[in-house]
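Number of protein chains: 2
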Amino acid sequence: METNEKQFVQEITPMEVDFPQWYTDVIKKTDLVDYSPVKGFMVIKPYGYALWEEIQRDMDRRFKETGHKNCYFPLLIPESLLNKEKEHVEGFAPEVAWVTHGGSERLAERLCVRPTSETIICSMYAKWLNSYRDLPFLYNQWCSVVRWEKSTRPFLRTSEFLWQEGHTIHETYEEAQEETLRMLQVYKASAEELMAIPVVVGQKSDREKFAGAHATYTMEALMHDGKALQAGTSHNLGQHFTKAFDINFQGRTGEIEFPYQTSWGVSTRLIGGIIMVHGDNRGLVLPPRMAPIQAVIIPIAQNKGGVLEEAEKIHNELKNLGIRVETDADTTNTVGWKFNEYEMKGVPVRIEIGPRDIKKSQVMVARRDTLEKEAVPIENLGLHIAKLLDDIHDNMFEKAKKMRDEKTYTIDNYDDFKKKMKESPGFMKAMWCGDRECEEAIKEETGATIRCIPFEQEKISDVCPFCGKKAKHMVYLARAY
Amino acid sequence: METNEKQFVQEITPMEVDFPQWYTDVIKKTDLVDYSPVKGFMVIKPYGYALWEEIQRDMDRRFKETGHKNCYFPLLIPESLLNKEKEHVEGFAPEVAWVTHGGSERLAERLCVRPTSETIICSMYAKWLNSYRDLPFLYNQWCSVVRWEKSTRPFLRTSEFLWQEGHTIHETYEEAQEETLRMLQVYKASAEELMAIPVVVGQKSDREKFAGAHATYTMEALMHDGKALQAGTSHNLGQHFTKAFDINFQGRTGEIEFPYQTSWGVSTRLIGGIIMVHGDNRGLVLPPRMAPIQAVIIPIAQNKGGVLEEAEKIHNELKNLGIRVETDADTTNTVGWKFNEYEMKGVPVRIEIGPRDIKKSQVMVARRDTLEKEAVPIENLGLHIAKLLDDIHDNMFEKAKKMRDEKTYTIDNYDDFKKKMKESPGFMKAMWCGDRECEEAIKEETGATIRCIPFEQEKISDVCPFCGKKAKHMVYLARAY
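Protein chains in written order, with this note's numbering: chain B, 1 to 481; chain E, 1 to 481.
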């Protein structure tokens, strides 16, 4: 067993040695994903897709609780529609896939595979909206989008990914702004409560905002390697699209008005975040509330009388409590192999039961987050495990927060910034003048971008440490995925 | 109120007058769907999408109960992959959309937007399969597919539609055949138990089978206009694709073997079936188990004291029982308008509550399927409604079965067949020689196709009434959507 374990662990490159390789090893060896015959397109395997299903279930419930309904808009968008909003087409046209033929016929107009659906949705909203009484429209869709990428990495950046896109229109700017921030908070709540990922929320700089947005808000998470991941964005689109698409309505005073719009999205990229925030050198560490298998039961010496029967009893007790439980009684693999396998797959809780345990009316319970193992009485085991899953969630969140805080630095001069970015990358909190040229120079010289202007502002100093001008905001900077 | 009602009903063309127009009126006026700017592509609006969500929920549960897992394969398929199975490419190439450019670059190889995913999935299964111990693979995906259609109708035939596609491989032919029939039974169970649609199940003729299949099985439903709808298909693909894609494994004897494959799918087309099986001249009649709103509460004289409070109490009682309930207390619409609106939208149960009802400790309960209305005590109303929803389901299923049986004819000569097809179209049960030429002549002359060779065979006569040759099977024929 000892040997077995070592061999297993050695298959995953330690993250300190080569973080990108660690990531690749983990996603491949845990069967989350595979490379497809189409360059830049991934296949999401059942274990990876089950994570997406849990994210969908959680988010979809939150969307519905905040009054949104799902619908479905076409995959293909006529080129003329994409072209209607100037900034939008400039942002997206370079990375769309174009359909030119339907069957054997050349199309009169090219259609792009949706990179995002603002334009086609706006064309429909223009048909549907008449009066202020119709507002707001609060719609969402779950689908895949295509953005042609030169360099890709599964979950983090792929030419096709799965996501949801919410699209709303409102009577007033204030309501649109309220919606934009509400959905950012919904994302934050899901990141924290489901995924155990602490996030920094704030506004994007103009340079980093969505193509066509009035303002973009984001939640940013920090990975083990000190790089940031943009984990979800919510845009106040103002009237940019509603005017371009002539979406209008008769207002309360009888005048024709243009509504204010929002859009917001999260994607399968979140799975990459979960891996890189929680994972360790043994593989995945899955947040208990979204783990496809929350507890695995491993019978020991299962040929001995009563072991499988007792395992089944426990299995049913857990299942009845709504815990996603599996029993691995396969005889072709050793117990040691199983321990490693489920550890690598990030299963939060392992329950071992053998003849000696049964004699003592106990089982051994191992938790994935701390790797601790303890004897627990069989009586009321289900309730114990349910509570343990919550404890693991809390511990994983605190651990991730601690990791993030340890890699978050307050910076007041550019030399320190450059040194830190090189030696111990992470979130850099610094003042910023607000100028785009300054922002671009930082990126050019260090690879770091402004991740956001956080809602929680601190005053570090009066001047921008990068250019010496008067400071406007405190910002988070980092290199990012 | 009377006038209001009449006006409303008049907006929907009676189905006896013009069935296609009735269908179009219903889907538009009940806000299920809209036409998009891309010809042949539909927008599924929230009320329509909610129906799809219920179908997904029900089917997905059944798939998982039968051991299947979800995953996701790329949207785009290289042309060379599509070309690998000869019959398959001949069947699908004429109707696929081709992507020729990614961003500003022309692609070295054209990619087709998936019309179905056998080919890309086979290319992955070839990588994943090693030993008989790995089998079976039991995977499914929920996605959209594109098939370029010349003439389209929302839900029934559109250039893009939403569906699920199950793809499995097995060690033996027998296991694949068992799976093929199991999933057909899963579809049948969902059609009957969720959608209240009776179906005929059987095998497709060679002419009608899936491009590349060894054998195709189908469930067929009969619409109000006497036309059939293919509502779900399950294919035994034999080794056609596994050999073409070189999917092989080391068998129990050490020899290299090719697995046997199945695929099976249902789509948003089912929503068209639900409309055309259950709908009437007032609009939709939704099967209670999948109705987005199962019961609507309409307060009468809601400005009177206690009405809204009592409505809310009932609302909460129903909600706590898991009933999808809405209360419409909007004051801009009249009560009469609301009655019509929810009738048109097919809401199974309407609960009216006003001051006079409260005095008598009762409410008025109207059911959509029979349009009957009765006084029901407020006490234990929730349980009454829960039972009523089941009764409505049963009644709708029986009604649909009666309708189908009345339109099912046993035919033993071609003249009768032609006369019936003209005067009262429906399912025609007849013997058939099994020859493709005969089948094609029937289609040419009458527009009818062989819907299936049903599992439940009857012997009507010894000869094929169409050509006089010796009969092989009893078949169902009909014109179809």
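Source of the hints: derived by calculation from the structure; they are not laboratory data.
Being a predicted model, the structure only gives us computed values, none of them experimental.
Hints should not be assumed to be uniformly reliable.
You can't tell identical chains apart in this list, so a pair holds if it fits in one copy or across any two.
[Claimed, not checked] Below, simulated DSSO-like cross-link-like pairs (lysine-lysine); rule was C-alpha separation at most 30 Å, straight line:
hint : residue 1 : residue 2
1    : 443       : 360
2    : 359       : 29
3    : 472       : 359
4    : 209       : 69
5    : 399       : 387
6    : 39        : 69
7    : 420       : 387
8    : 69        : 419
9    : 209       : 29
10   : 429       : 360
11   : 419       : 373
12   : 387       : 418
13   : 387       : 64
14   : 387       : 69
15   : 28        : 127
16   : 373       : 420
17   : 227       : 69
18   : 209       : 443
19   : 313       : 420
20   : 420       : 407
21   : 69        : 188
22   : 69        : 28
23   : 227       : 470
Exercise. Which of the stated hints cannot be reconciled with the structure, identified by number in ascending sequence?
Worked result: Per hint list: 1, 2, 3, 7, 8, 9, 10, 11, 12, 16, 17 and 19 violated.
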